[in-house]
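Read top to bottom, the protein sequences are chains A and B. Note that this note's numbering has the first sequence beginning at 6, numbered continuously upward. Note that this note's numbering has the second sequence beginning at 4, numbered continuously upward.
Hints in this document: simulated from the structure, not taken from any laboratory. Watch out, some of these pointers could steer you wrong.
What the hints assert, rightly or not - Short derived list, chain B residues pointing at chain A, Cβ under 7 Å: (1) A192; (2) A195; (3) T223; (4) V394; (5) T452.
Note that the structure is predicted; figures quoted are calculated from it, not measured. Here a beta-carbon is modelled for each residue, glycine too, at the ideal position from N, C-alpha and C.
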Amino acid sequence: MKSSAPALRKELRYEPDERPPNLLSLGLGFQLVLLSIGGIVLTPAIIIRAAGGEEAYMTWAVFAALCVCGLSTVLQAVRVGRLGSGYVLLMGTSGVFIAVSVTALTEGGPGLLATLVVISSLFQFVLSSHLSLLRRVITPLVAGTVIMLISVTIMPIAFNLVANAAEGAASTGAPASAAATLVFTAGLALFARGSLRLWAPVLGVAGGCIVASFYGLYDVARVADAPWFGIPTSGWPGLDLTFGASFWALLPVFVLVTVVGAIETVGDAIGIQQVSWRRPRATDFRAVQGAVGADGVGNLLSGLMGTVPNTTYSSSVAVTELTGVAARSVGVCIGILFFSFAFLPKVTAAILAIPDPVVAAYILVLMAVLFVLGMRIVAQDGIDSRKSVVVGLSFWLGVGFQNQQIFADYMGGTLSTILGNGMAAGGLAAILMTVALDLAKPRRRRVKVMLSVDSLPEIDGFLCKFADEKGWNEASTERLRAAAEESVLSLIPDEEASEDEEARHLLLLVRGDGRGVELEFIASAVDGNLEDRLALLGQWARRSVDREFSLRLLRHYASSVRHRQYHDTDVVTVRVEADAPAKSGD
Amino acid sequence: MKRSGSPPRRGVRYEPPEKPPHLLSLGLGLQLVMLNISGIVLIPKIIIEAAGAGEIYLSWAVFAGLCVCGLITILQSIRIGTMGAGYILLMGTSGTFVAVSITALTEGGPALLATLIVVSSLFQFLLGSRLVLLRRVVTPLVAGTVIMLVAVTIMPIAFNLLARPAEGASPAAAPASFGVTLVSMAGLALFATGAWRLWGPVLGVLAGCAVAGFYGIYDTARVAAAPWFGLPEIGWPGFDLTFGSSFWVLLPVFVLVVAIDTVRTIGGSISIQQVSWRQPRATDFRSVQGTIGASGLANLLSGLVGTLPNTTYSSSISVAALTGVAARNVGVCVGILIIVFSFFPKATAVILAIPNPVVAGYIVVLISLLFVVGTRIVVRDGLDSRKSIVVGVAFWLGVGFQNRQIFSEHLGDAVASILENGIAAGGLAAIVMAVGLELSKPRRRKIKTKLGVESLPEIDEFVRRFAKNKRWNATSTERLRAATEEAILSLVPEETSLEPEAAWNLVLSLGGDGRKAELEFIAVAGEGNLEDRLALLGQWADQSSDREVSLRLLRHFATSVSHRQYHETDVVTVRVDADTAA
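All chains, full assembly: derive it from the sequences and hints.
Structure (structure tokens):
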């Protein structure tokens, strides 16, 4: 196993509270803006072009998106009340919404999209105060499957753009510029080192544009026509408050995407904390909640202003890690820069002029990586044969419904709008199967005590009752009790070291099946919802350290022992098998 | 971490050489046949019906396929010379070939398919004798991506089966029988325990057929018309020896699929070994090679008699693990039963009469699982951001080309027909990127010695040379040398237990640059191709156990230490960082 003791991050130059020179903040902010502005401007453009929206609406949506992203990036950095993470977390338009937004636009126009974004953003606020709720319904299995399906729904849009060349251009222009973009982006991402890798998407698009302009595909006229400074005068779509059938059909899909998007936000919020301090510290869950909350504000504003939803960009985590500057003032600079760019139509025009084949190749790489991210999320908890059925079947049912290959002509109206979206069909299948699997498992029982020798009798009594109910024989019960005692003793800190430590809490979860019982001991210095913390830590903490557990005695009793250690939380999972002749209690 | 100190498997009732009572062998054999026969018969049905290659060829292919599967299953059990595993490994028609076989049939008919199978089976023999070669090109990254793409190529075929309802039947017939098959297969796979789970596919198909029968779309006439006993009309297609352009275009795709199937065969062969013995033993690589050889022979025979390629089925592993009977006799019984079965057209007709929606449900579940197998292979290898690009981009390029969504009109004929197969396009992209990544890594240097204190000076010299080349400063070099010494000392067995043990060999490979060095120590008892063993073990062995290496001193010198332990092989990977001031 890797034995990496949490070392000091000496290379970190500025922690969030520290103030680097203004020029440095501005310079770094400018870099981050350059890195991400392409994506922020292109996402609304792709959505609106794919849906056949008007030019005026697109200009407005891009303007509004930049304003909202600027505002919410500042909010993430400075933290107002419970909103905002207090770290450099860059906000940008969200790629995961591309497919559903296109559907909303074609079904009901910009007004419907705006209403859907506003309503679904409300769910994000609910989530930010109930993070564990998120984890219960959207297990990694469901989230990963849905993320994989998100790229399935978006890829066809990219494939449609790929051959879209201006009329009159050479027929090889589109393939050449798409291929150049793909090769530059993938090549840099594969072979470049350090900060050059971060620039892979930007340089790839730039390379593609150069090839495209060689074929005359880059829309120079557009850039020339755009004024240097200005505000779009029209385009705000307003809200569609009729709440018709297409609203109700699309709402569940939007909520699902919002929730899955929130999972990425949580990941980014944990990631940025891990790279922002010299001395590693426990993940601050209020900051995570703040990040999700600010994300919700971003979406609410986006809806009200009639643009597409936004989310945190993980590039800020990578940049912070590389530059060693985690100061909040950088985040504020980025926000201000975004906001100012909104008023410079020439700049946005330069991005909007990027030809479709280049955009398609860019999206292809982006969604390909998102797809693999989904696979990784699915696999992180380990896939057994049951989970394989859940993932495989829901993914392919999603694909089948998305491509209308499964009995498309049998379904009409609302049903086909929901199921015609692969994400909704597959996500629904995954949630149903996961919930059913969870219900089929025996219920867990729990007891919560202080972690000390005094609590042993209470735990012992609890386990005796459990073994009794299951009809275990005496030898098996003895083994269970002994294993529990050993585990608790091994979790209690040594006498000498424990002086000034605060009291720790212990939560014991017990789940039995036909042949054995699984005990989970969670010891933590902090009170509060241990299971919540655990659910989140187990999923995202990168620095969890496995360590060998003092096992000498425990090994005699238990058939498997596993010890996970997070910053201030220890988790010991012990499995004890009943003797074969024991009557199985269930 | 799991601590599984490889305890004896008490559940094993009969090891491979032991002889259970004949009735038991026969009973278990019959179960295995019932579990798998539908797959063996249905896959040719899907391929040949999708390609529209005719009823006569179908009955012949099913008959010949059963005969070949039976023969090779026996060969896998009893092992003749270097051919065969020596374990129960059931052979059946291969699902991975569905899409490519259909293309071959539509492009050039059964004769072209037969030629392609024969020629590509020769590659399988080559791969069997050069496992490392296989591993170099078909890395887990490439294999996983290709398996995922195999699912992508087959799924549309399954969905197509839904679009062809029987005439005159109620419109609800197809959705109902598809739904019931899918739900009961998935339900059993999710909620059943033990042996019930194994029967999931069979029971699912049965339930689907029951519903289909209710709607009158089960083809009872076909069953009634089939004779009880008999040989099919000779439908042998012969060979297409013109070697036209479609042969050359399809050959690389076939070879790639054969290579992927071989990778999976290796997995099956290692797994059956792990469940067959009471006392866990090291994986026998001759048996693995024997398995591949026999699979190659199976494909060669399939091509010669004009049926579809086959592969090892993993269900025999689950059955052996569940029942605890790993005796070779069972394999022989299975083989004989399959051959006998092929002479009863009525029996095969019962399976062939299964209506399309039920077959579709069955395939959707099976191929979904295959897809997940692919993702697991990819993820298990450890995905960093570079590998994510390889997998993601290759997979989606494959999908795009397969669905003809990427510039299909710009490609020339020959290029188009290769790239329009998603497996070829995506596999090619994955191989190119993976090889590029491999080449861009700094080359590793290697040294091979005996594992012992007396080898220390030699190794020290080797490490010093590396540090000098990379211009490390004195303190960093010292640290590297100290870490190396500590690592070797921790690998040398203790004096007390040394006596009867064979000499251990040590391979040290060293890579790095001006800022870091990565040392990989591989210690193994006995001779043999260490890299071979390692390549295979690392990928498939389930019994690797991580353990803490004696680290007290090592930790001071090294940035990270990882120790993997297989049956007779220890691998220690140590990373040492140079001082930044270097």
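Broken hints, by number: The structure breaks hints 2, 3, 5; every other hint is satisfied.
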